[in-house]
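Here my numbering is used: the first residue of the sequence shown is 29, the next is one more, and so on.
These aren't lab readings, by the way, just hints derived from the structure by calculation.
With a Cα cut of at most 27 Å, we get these calculated DSS-like pairs of lysine-lysine:
(1) K181 - K347
(2) K376 - K282
(3) K339 - K146
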Amino acid sequence: MAIDIYQTQTMIAAMQLMPKHPTFLRDRYFETSDADMFVTEDVLVEYKDEKSRKMAPFVMPRKGGIAVPRDGYRTERLTPPYIAPERTLTVDDLKKKQFGETLFSQKTPAAREGQILKNDLTELNGMIDTSEECMSSRTLFDNGYSFRQYADKYGSGEYEEYEIHFYDGEQNTAVYTPSAPWSRTNDVIITDLYIMAKMLKNRGLRASDVIFGDEVGNVIINNDYIQKLLDNRRLNLADINPQQLPDGATSYGKINCMGIVLELICYSEEYVDIEDGKTKPFVPSGKITVTAPGMGKCMYGSITQMEESDKQFHTYVNKRVPHVTYNTHDSVRTLAQQARPLMVPKIKDSAISATVLY
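Hey, can you work out the whole structure from these sequences and the hints?
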């Protein structure tokens, strides 16, 4: 029995075997479990305002216990943004030599069709990975994200604003303001990192990573004060030893900030913003954030679509859902790759950001 390569479940299974795209921020800081996959378009987000560090009461012997209140939490129903890049396939595409084929390739259009499907699925999946990495970055550095959802051509025409933030009021509460730019003063880096880490630790949260881009990385490495710490052989205050991490990140080593050890991570990967066509860094220029792995969750809403095979609606609970439609009159097949991701912190203000170069 022949396998229908355009059946949705077949394509979903095939995508599990495809190469992974670089998504360091998403994979390190936003976990996904089965409980984060919802059968509805909306997702339920639960998070605490802060982690409890209350001490237990001391009680007189033989007097029983003393009641203590439970920590509260918030539950919100949110609608994840809808992401759906697509590609069309025509008879003309099947006749053309594809990338990697020999100049005088003897491949038939039918044989070439499967390779084109694989390439399209891989590239569309990579585009969604990039969008999720952008959402992860903005959650870490801006405590939320906003963008435009277009109806037709991306970057022009009708659109709706999508905005979500994980703080109350108008001002981001997960921001620290340094006393001076890091490029002007030698000894503020250690102090600023210590204060930012303490903002998390005082609320019972972990502080282990400092994330920054190339500009900030150059300032850190060339900072006279940090270089002096490296020369102090009696105290292990800094260990700058750049090493490659997965997905384009580089660990510069660890630094002891008044007893709090932080790993310095430079992430210099870039993406192309198709709204304006410009290349931009995932990490905002001149900014840093202090946080810890697993500080958030990546949640997914379901995708409901009508299948060409039976003309019935089907709901899929998956990170990626392909959809194929046909225009037999013009001999055009359209492949869409769909997702409804939502990046959320597990606990309010669990990543503290700062602008250190300005």
